[in-house]
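Asks: Okay, here's what each chain looks like letter by letter:
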Amino acid sequence: MASVSVKNLFLSFGEVKVLQDLNLEVGRGEFLVLLGSSGCGKSTLLNCIAGLLDISDGQIFISDKNVTWEEPKDRGIGMVFQSYALYPQMTVEGNLAFGLRNAGVGRDEIARRIKQAAELLHIEPLLKRKPAQLSGGQRQRVAIGRALVRDVDVFLFDEPLSNLDAKLRAELRVEIKRLHQQLENTTMIYVTHDQIEALTLADRIAIMRGGAIQQLADPHTIYNRPVNKYVAGFIGSPSINFLDGAVTRDGKPRFTSGDVVVDLERYPFEDGSSEGACAFGVRPEHIAFGDAAAGSPFSAEVRVDVVEPMGSDTLVWSKLGGQDFRFRVDGQLAVATGETVRIGFDPARASIFDKKTELRL
Amino acid sequence: MDSSTATLPANSTARAEPRGRKPQRRLSRRNIIIYGTLTVAAIYYLLPLYVMVVTSLKGMPEIRLGNIFSPPLEITFEPWVKAWATACTGLNCDGLSRGFWNSVRITIPSVILSILVASVNGYALANWRFKGANIFFTILIVGAFIPYQVMLYPIVIILREIGLYGSLTGLVIVHTIFGMPILTLLFRNYFTSIPEELFKAARVDGAGFWTIYLRIMLPMSLPIFVVAMIIQVTGIWNDFLFGVVYTGPETYPMTVQLNNIVNSTQGVKEYNVNMAATIITGLVPLIIYFISGKLFVRGIAAGAVKG
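Protein chains in written order, with my numbering: chain A, 1 to 361; chain B, 362 to 668.
FYI, nobody ran anything at the bench for these hints, they're computed from the structure. Not one of these hints is a red herring.
Here are the computed distance ranges between Cβ atoms for each label pair:
1) A:E358 to B:F586: 51 to 61 Å
2) A:A111 to B:L575: 18 to 28 Å
3) B:G569 to A:F61: 20 to 30 Å
4) A:D203 to B:L477: 46 to 56 Å
5) B:Y396 to A:E171: 49 to 59 Å
Okay, derived cross-link-like pairs now, BS3-like style, lysine-lysine, Cα gap no bigger than 27 Å in a straight line:
6) A:K130 to B:K655
7) A:K7 to B:K492
8) A:K65 to A:K7
9) A:K17 to B:K492
Predicted model, so just to flag it, every value in this text is computed and none were measured. Glycine included, every Cβ here is placed at the ideal spot set by N, Cα and C.
Just chain A, same shape as in the assembly (with noise of 0.2 Å):
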């Protein structure tokens, strides 16, 4: 059963088409991320199904309710906005209350409601506060309180943390999590350009670009199987190396790159004929070093050119095939700029796209 779902929705500003047939179903009690580059359309598609936006064409169906003209307040959703939006002039206590008194909910309900919400959220010393008197933090606990509170189905998030500092963003992405386990029937959507939240947080990611969805998996298929090249490419951090060449088929498959040549045997191909002209794309932490890279069905010596300590791990970058190639290495390990080094890596774990239409082979 769906618990929201978007049915060949189009929205244009003029001219300017910025969402073309789009269609999403998200379950109920799902956690599903909208994610993309800025101006994507993300933001904007979470503003239709919040009846913020009138859409061009289509239909919006929330808790299988033709919602597609209804007011924002008759959708049964609740939303948290990047700035906070708190009413600076009312106090916390009353920033809950208002969406309740404007639905004309009992004092003692009101109450109640908030009582609940603040001991979820940890806000109960705050309630007589005003919001100028709050950190951000505790400003954006407030705001999912006051979604909280409406006792809605759907929850909309629009980029929530991004105003916070990193420790903060931390720390609200494990309660926004832990909340949805609480709320076990409440849907979330969550709108999102950062790939470390949407992989956390996400049962499912809508991965956008230009008014379109490109992929919409689970978080371990967006980034194990991506679709395309552009999804690959977004997904991952460092970002995965393409290294331009051809697939042939003489007998076995296999991807020529200049004088690097990868035995294709182990890949899963999605169609078992295609070759020609492809990106063959492999992620920097797939990449073993060393004595592991010697038992690794490809294999080969490159030299390091720069190195770049990051704590836990060191990024090092060095060419394939003439191409740039970046690979993790453990921390731990010394290496040194100028160094040959053997990798390796299971071609299994890689993912090709055709040079055109940057589809998946």
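Following the hints, complete the assembly by docking chain B onto the known chain A.
Replies: Chain B alone, transformed into the frame defined by chain A:
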């Protein structure tokens, strides 16, 4: 970082940033020029006011001596009393008091009405992007650039047709309409500067057009309301043109009555009464500036920079 700051203090206080006030030479050349210029400018602007106050406190014989800058030898408040209560304009001999109360009756409703309408206009234009909002806004702004004189006569006809010509109500309506472009612009720009997410949050919270206006926008915009009030009170109080065109002798605002007292061609020119009458008329805007000068500047800046 903690450890480094812990070991440093003895050393760092010695090399600390300069503390305390920056030493200044009071009588530097720069200061003399600045204060000198300011003083001259202040005297230049205050001198007429001084002459007015001094003259209004003198009797006519003393004025005839011709020393306009000398302080009064004998202070008399009679010109003030006369200006307020007994100076004659036409058939009425009750001084400025009639005009004062007329002006009050014109200004208060005009200010309240124009601010109410303009703030709702500005709010709708800023937050509820209805179809044709831009065209509506453009028309409103263009309206601000058409000279008033062009519209005087058509408005006379309109007021006559609806039976309000010569009445205070008619003038209130005229003031409300003519205040609309600048006030709407002021409010629209201010409301645009309020984060849009706040408005969205209120909509999700189930607040409608009026609830958002009254509960969210209004409490956040008191400064701009004060600014609008100052602009309107001073503008309407000082208005002469609309007052003289759209009202009659019984309903003339204070400015028109002041003109009739000062410019009367019969009898002796009573300079002291004229001066007193002028000061009394100018007192209301003056008091408003003195009370709210800071807010005025702040509000204008807020409206101008943002949006």
